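Colleague: Using the sequences and the accompanying hints, generate a full structural model.
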Amino acid sequence: MREERDAVSGSHPSGLDPTAGRHRRRRRGLTLASVVVGISVLTVLLGFGLSRDPTVIRSALVGRPAPEFALQTMDGSQAIRLADLRGQVVVVNFWASWCLPCRVEHPALLALWQRYRDSGVVFVGIPFQDRSNAVRAYVEELGGDWPELADPASGTAIAYGVYGAPETFVIGPEGNVAYRRVGAIGYEELAGQIERLLERSE
Amino acid sequence: MIGARAAGRVSVGTAILALSLLAGAAALTVVAVRGPGRTSALQDRVHGVAATLRCPVCQNLSVADSPSRLAQQMRETIAAELQAGRSPGQIRAEFVGAYGEWILLSPPKRGIDLVAWAGPALMLLGGLAVAGVAVRRWTAGQREEVGEALSHRDRGLLEQALSKIPEEPEEVG
Amino acid sequence: MDRLGTFALLLGLGLSIYGLVASVVGAKRGRPLLIESARTTAYSLLAVLAAANGAMLAAILANDFSIKYVAENSSRETPTFFKVLSLWSADEGSLLLWNLILAGFIAAVAFRFRKRKLETFPWAMAVMYGVSIFYLVLVIGPTRPFAALQSAPLDGRGPLPLLQNHPLMAVHPPFLYLGFIGFTVPFAFAISALITGTLSDRWIRITRRWTLAAWIFLSIGLVLGALWSYGVLGWGGYWAWDPVENVALLPWVAATAFLHSVVIQERRGMLKVWNLSLVVGTFALTTFGTFLTRGSILSSVHAFAKSAVGPMYLGFLVLVLAGGFGLIAIRSWRLRSEGRFDAVLSRESAFLGNNLVLLAVTFVVLLGTIFPLFVEALADRQSTVGGPYFQQTAVPLFLLLLFLMGIGPLLSWRRTSPGQLRRRVTGPALAGAATVVGIALLGVRSPGAVLAYGLAVFVLVGNVGELIRGVRAYARATGRRGAATIPSAMSRNRRLYGGLVVHVGMALVAIAVTTSSSFASRTEVTLSRGEQTAFAGYVLRYEGERQIAQPQRIVLVADVSVSKDGEDLGRVTPSLNLYPAASEPIGTPSIRFGVFRDFYASLIGFDGDGESATFRFFLNPGVTWLWLGGLIVALGGLLAAWPGSRRTRAPPSPLIRSRELAVVSERD
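Chains as they are written, first to last, in our numbering: chain U, 26 to 227; chain B, 698 to 870; chain D, 10 to 677.
The set of hints was computed from the structure by calculation and includes no laboratory data.
A quick note: this is a predicted structure, and the numbers were derived from the prediction, not measured.
Heads up, some of the hints might be wrong.
[To be verified] Anything over 10 Å on all C-beta distances counts as not near chain U; from chain D, calculated: (1) A60; (2) T89; (3) A117; (4) R218; (5) G319; (6) L323; (7) A386; (8) Q391; (9) L430; (10) L451; (11) R454; (12) R490.
[Stated by the list, open to error] Calculated from the model, a selection of chain U residues having no Cβ within reach of chain D, i.e. all distances over 12 Å: (13) G63; (14) L96; (15) A133; (16) V147; (17) N201; (18) I219; (19) E220.
[What the hints assert, rightly or not] Simulated restraints, written as ranges between beta carbons of each label pair: (20) A331/D x Q857/B: 50 to 58 Å; (21) Q780/B x D577/D: 34 to 42 Å; (22) V34/D x A748/B: 58 to 66 Å; (23) P589/D x L825/B: 55 to 63 Å; (24) A781/B x G217/U: 21 to 29 Å; (25) V812/B x A331/D: 19 to 27 Å; (26) R390/D x P785/B: 21 to 29 Å; (27) G168/U x G745/B: 42 to 50 Å.
Each residue gets a CB set at the ideal place from its N, CA and C atoms; glycine is no exception.
Modeller: The following block contains the structure:
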């Protein structure tokens with residue numbers, strides 16, 4: 026059984042009228058053009074989407090005053106306030122013992138702390154959603170003598186917009202957040218930021 | 698159908714329908730006007746704010762729904778802020794200051810985000826316009842009244858006849 | 010194993026290319042032998058891909074960690090059941106399954122049409138082979154499941170913790186894939202109809218059951234997804250408007266519109282371009298869905314880990330869109346409407362309304378899903394579109410859809426007089442209005458919820474009423490009695506009764522969604538060992554914590570005893586699962602399912618060695634009706650798709666085919 030071709034097409038009355046043919050072609054051209062335009066726009070948009078990493082979230086804090094915090098160290102020996110550190114470059118590092126990239130970045134932090142500790146740069150670590158004994162064990166194992174501050178309700182982390190570990194913030198002497206790094210920070214990267222801020226303050 | 702008795706039945710039926718629809722509409726209006734209750738319990742207020750914020754660690758869940766630790770701590774932060782007297786708007790602004798605009802679960806109704814809200818509204822208007830035009834074009838010339846429905850007897854004859862007709866054959870894959 | 014698998018895939022690619030070329034050449038040059046060889050190639054393709062999947066399965070079961078996929082997605086400790094499931098738990102393996110299912114559909118089409126000499130058949134096969142080529146290139150090129158590692162590790166990493174937590178992983182992805190891939194068949198036949206210029210209703214009739222089958226599979230897949238979200242993810246809900254959830258919903262919405270609008274084309278000869286566009290659109294949406302899920306455009310709990318394959322998916326999507334809509338645009342002038350509508354008050358209008366509303370839903374969900382991309386591209390800012398947006402935009406549309414579901418079956422084809430309509434509508438409208446008043450009196454504060462209940466009851470009473478009316482009329486006309494009349498009555502017009510049953514299921518789903526959104530209660534509380542709390546009439550006491558060590562994970566279980574009015578009701582045991590590969594524990598909720606409400610407990614965390622624990626308790630009413638409604642929808646679809654008895658039918662008598670006899674349509 027053969028299929029019926031569309032019965033209309035062969036003897037359509039508009040086939041007899043020349044202007045209708047032109048009209049039809051214009052309509053067809055318009056439809057084709059709109060299809061092309063629509064698909065192009067979609068392609069450009071989706072292509073753009075491919076060109077960036079969807080898991081990276083930008084920081085709202087860069088260039089703005091760093092949120093204030095006043096926290097006790099993990100061993101309870103002293104209290105540190107961000108306001109007291111005004112005039113110095115402050116590196117705030119959020120980390121956790123259960124986070125692998127934190128271990129990867131730790132040697133860089135250690136080296137940079139030793140290099141700049143007498144140059145007016147303060148390092149501060151804030152464990153993120155971690156247990157105190159795990160924190161102590163980590164520091165004992167990997168070293169580093171900068172203050173570790175207790176943030177049990179993650180209030181400071183939330184104020185800084187932290188959503189994972191590790192995250193590092195570099196705060197300038199004037200109190201603004203100069204740089205934020207989500208994920209393990211590299212030696213050169215952090216050194217560059219610190220140098221930039223030290224130069225500026227001279 | 699003609700006849701005084703039939704006419705009486707028709708109007709009663711219409712009246713029942715009209716009354717029930719009216720009652721429904723009235724009840725709906727009352728509910729709409731009454732509005733959502735004023736929630737005083739802290740947990741409900743926290744929920745109200747948290748439901749508009751996105752949990753940063755679990756994709757696309759609100760802070761109210763997320764079972765993650767960070768979301769729980771954010772809820773505690775919200776509770777503390779509410780108790781300190783801050784308004785939901787202020788709390789939201791603080792979170793936006795820390796995390797950026799994406800922490801809002803729903804795009805705000807201004808700037809370029811307005812497109813997200815305007816889009817559906819325009820679509821609705823456009824769709825209604827298209828529907829109106831299409832219906833007009835397709836029913837042109839057919840708007841004369843048709844005769845009334847079949848009488849009972851005719852309907853019975855019809856159903857009898859139909860039951861004897863085989864199901865419409867169709868080619869299916 | 011990996012060599013066998015790679016060889017099988019390459020062979021499959023060769024077969025698909027041959028199938029495509031042979032179909033096209035055979036169709037253009039009129040060589041039936043070529044077409045037949047292309048047809049039977051489908052069987053070999055299926056066998057070859059089954060072998061490839063079998064090779065992967067064997068490698069997983071044998072702990073062959075020299076294959077990268079096995080090392081990343083399985084481990085020695087993974088239980089055998091989940092080892093089998095890890096075949097599709099990650100990108101490469103699930104693409105392997107995708108290819109197998111696609112080959113299955115091609116073989117099924119080849120088998121089904123083995124005796125019929127359709128002009129469109131070779132072109133349809135060509136299109137399907139073309140799609141198969143794309144997905145095979147993916148598994149041979151960028152997303153290779155059989156890629157080998159330089160040195161095999163001693164043990165694998167195991168599947169993602171979330172994907173080995175629950176047996177639902179066995180059925181949710183396969184059903185979704187069956188649904189998505191199933192839409193390739195109507196798409197192929199539509200394209201072939203456009204290519205050959207045979208633009209009658211043929212392609213619709215041929216593919217009707219295939220489209221319906223794919224729709225049923227997708228419906229089941231979506232419901233299973235909701236069940237998974239509810240039972241596994243532990244946040245107390247079942248739909249998060251996650252981007253990947255949304256793109257799985259989009260083809261379903263488009264296919265639903267299509268299933269309705271084809272009836273108008275069959276009856277009135279109208280909406281031809283619209284139907285072709287819907288079919289191309291549905292298939293394009295499934296392609297868009299895979300693109301979004303695997304091309305790492307948006308972050309989502311479902312998205313596969315980043316892979317470099319995005320541009321290929323984008324290219325294929327553009328090809329589908331350009332090819333499909335381009336062909337339609339070129340041929341559109343031949344697709345004139347043959348008929349017209351008779352009256353506004355007719356079932357045709359309701360179907361038209363259905364399509365408009367579903368189109369709006371598609372647009373809104375699509376816009377919301379890609380809007381963050383749009384904002385980032387134009388304003389260089391990141392934004393989120395989540396639940397609240399969709400609730401405000403899509404929910405009113407769903408309410409409108411409910412209304413159409415109720416009134417559609419009450420309208421006649423062609424035209425309904427106001428008197429007829431009034432007679433039919435009064436009962437359901439009365440029920441609906443009474444519901445509205447009753448729910449309002451109960452104190453519900455959301456007008457949307459009140460309206461939803463009223464409309465759902467309207468749909469229930471209307472559709473069930475039509476069901477009963479139809480069966481009764483049949484019984485009266487044929488004089489039959491007894492329960493056996495129901496199946497025979499229904500089998501006289503399966504499409505209609507199937508549709509009525511689907512509407513009943515959807516109304517139940519609407520009631521379930523409204524109830525669980527409006528009446529759910531929850532609490533979050535930290536309890537120390539032995540401490541108790543009261544919630545929703547229950548008394549809950551945290552008894553303590555225990556550990557269960559399993560080969561692949563450590564489970565920390567919190568025992569909570571539940572009692573009500575002094576009567577002990579047992580325990581709920583929400584838990585946290587610690588997997589070595591995961592940095593955070595994965596929670597498993599403990600649910601007591603009930604007909605009217607579920608008691609749902611979820612564990613957020615422990616403090617200090619289990620001395621105290623933080624819980625979330627939910628009372629979720631009506632969620633069980635969601636699963637029940639989904640089941641009814643699937644059954645209704647099955648009824649609509651059920652094949653008729655295979656007797657040779659008389660050609661249509663002039664009486665039926667004549668469209669002048671308005672009264673005939675009244676019976677439908």
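Colleague: Each hint should be assessed against the structure and marked as holding or not.
Modeller: We went through each hint and held it up to the structure:
Interface exclusion of A60/D from chain U stands, the closest Cβ pair being 33 Å apart, more than 10 Å. Separation of T89/D from chain U is adequate, the least Cβ-Cβ distance of about 29 Å exceeding the 10 Å criterion. Against the 10 Å criterion, A117/D stays outside the reach of chain U, whose nearest CB is about 22 Å from its own CB. Residue placement check: R218/D keeps its beta carbon more than 10 Å from all beta carbons of chain U (closest about 19 Å).
With a cut of 10 Å on Cβ distances, G319/D falls inside the contact zone with chain U, its closest approach being about 4 Å. L323/D, annotated as away from the interface, has a beta carbon of chain U within 10 Å; the closest lies near 5 Å. Listed as outside the interface, A386/D is inconsistent with that label: its C-beta sits roughly 5 Å from the nearest C-beta of chain U, within the 10 Å cut-off. The Cβ of Q391/D sits about 6 Å from the closest Cβ of chain U, inside the 10 Å cut-off, so the non-interface label is violated.
The claim that L430/D lies off the interface holds: its Cβ sits roughly 34 Å from the closest Cβ of chain U, which is beyond the 10 Å cut-off. Once the 10 Å rule is applied to beta carbons, L451/D is consistent with being away from chain U; the minimum gap is 39 Å. At roughly 32 Å from the closest C-beta of chain U, the C-beta of R454/D stays outside 10 Å, upholding its exclusion from the interface. Remark: the non-interface label on R490/D is consistent with the geometry, its nearest Cβ contact in chain U lying 41 Å away (cut-off 10 Å).
Residue-level check failed: G63/U sits 8 Å from the nearest beta carbon of chain D, not beyond 12 Å. Distance to chain D confirms L96/U as a non-interface residue, since its nearest Cβ pair spans about 19 Å, more than 12 Å. The beta carbon of A133/U is kept farther than 12 Å from every beta carbon of chain D, the shortest such distance being approximately 21 Å. For V147/U, the shortest C-beta to C-beta distance to chain D comes to about 28 Å, beyond the 12 Å cut-off, and the non-interface label holds.
No beta-carbon of chain D comes within 12 Å of the beta-carbon of N201/U; the shortest separation is about 20 Å. Taking the minimum C-beta to C-beta distance to chain D, about 28 Å, the non-interface status of I219/U holds against the 12 Å cut. In this structure E220/U is separated from chain D by more than 12 Å, as the shortest Cβ-Cβ distance comes to about 28 Å. Checked against the given bound of 50 to 58 Å, the beta carbons of A331/D and Q857/B, roughly 54 Å apart, stay inside it.
Judged by the Cβ atoms, the range 34 to 42 Å given for Q780/B and D577/D holds: they are separated by roughly 36 Å. A C-beta distance of roughly 60 Å is found between V34/D and A748/B, which places it inside the suggested range of 58 to 66 Å. Taken as a hint, the range 55 to 63 Å holds for the pair P589/D and L825/B, whose Cβ atoms sit roughly 57 Å apart. Restraint check, A781/B to G217/U: a C-beta distance of roughly 40 Å breaks the suggested window 21 to 29 Å.
Taking the beta carbon of each, V812/B and A331/D are about 26 Å apart, inside 19 to 27 Å as hinted. Range check, R390/D to P785/B: Cβ separation about 23 Å, and the 21 to 29 Å hint holds. Evaluation of the 42 to 50 Å hint for G168/U and G745/B yields a pass: the beta carbon distance comes to about 46 Å.
When each numbered hint is compared with the structure, violations occur for hints 5, 6, 7, 8, 13 and 24.
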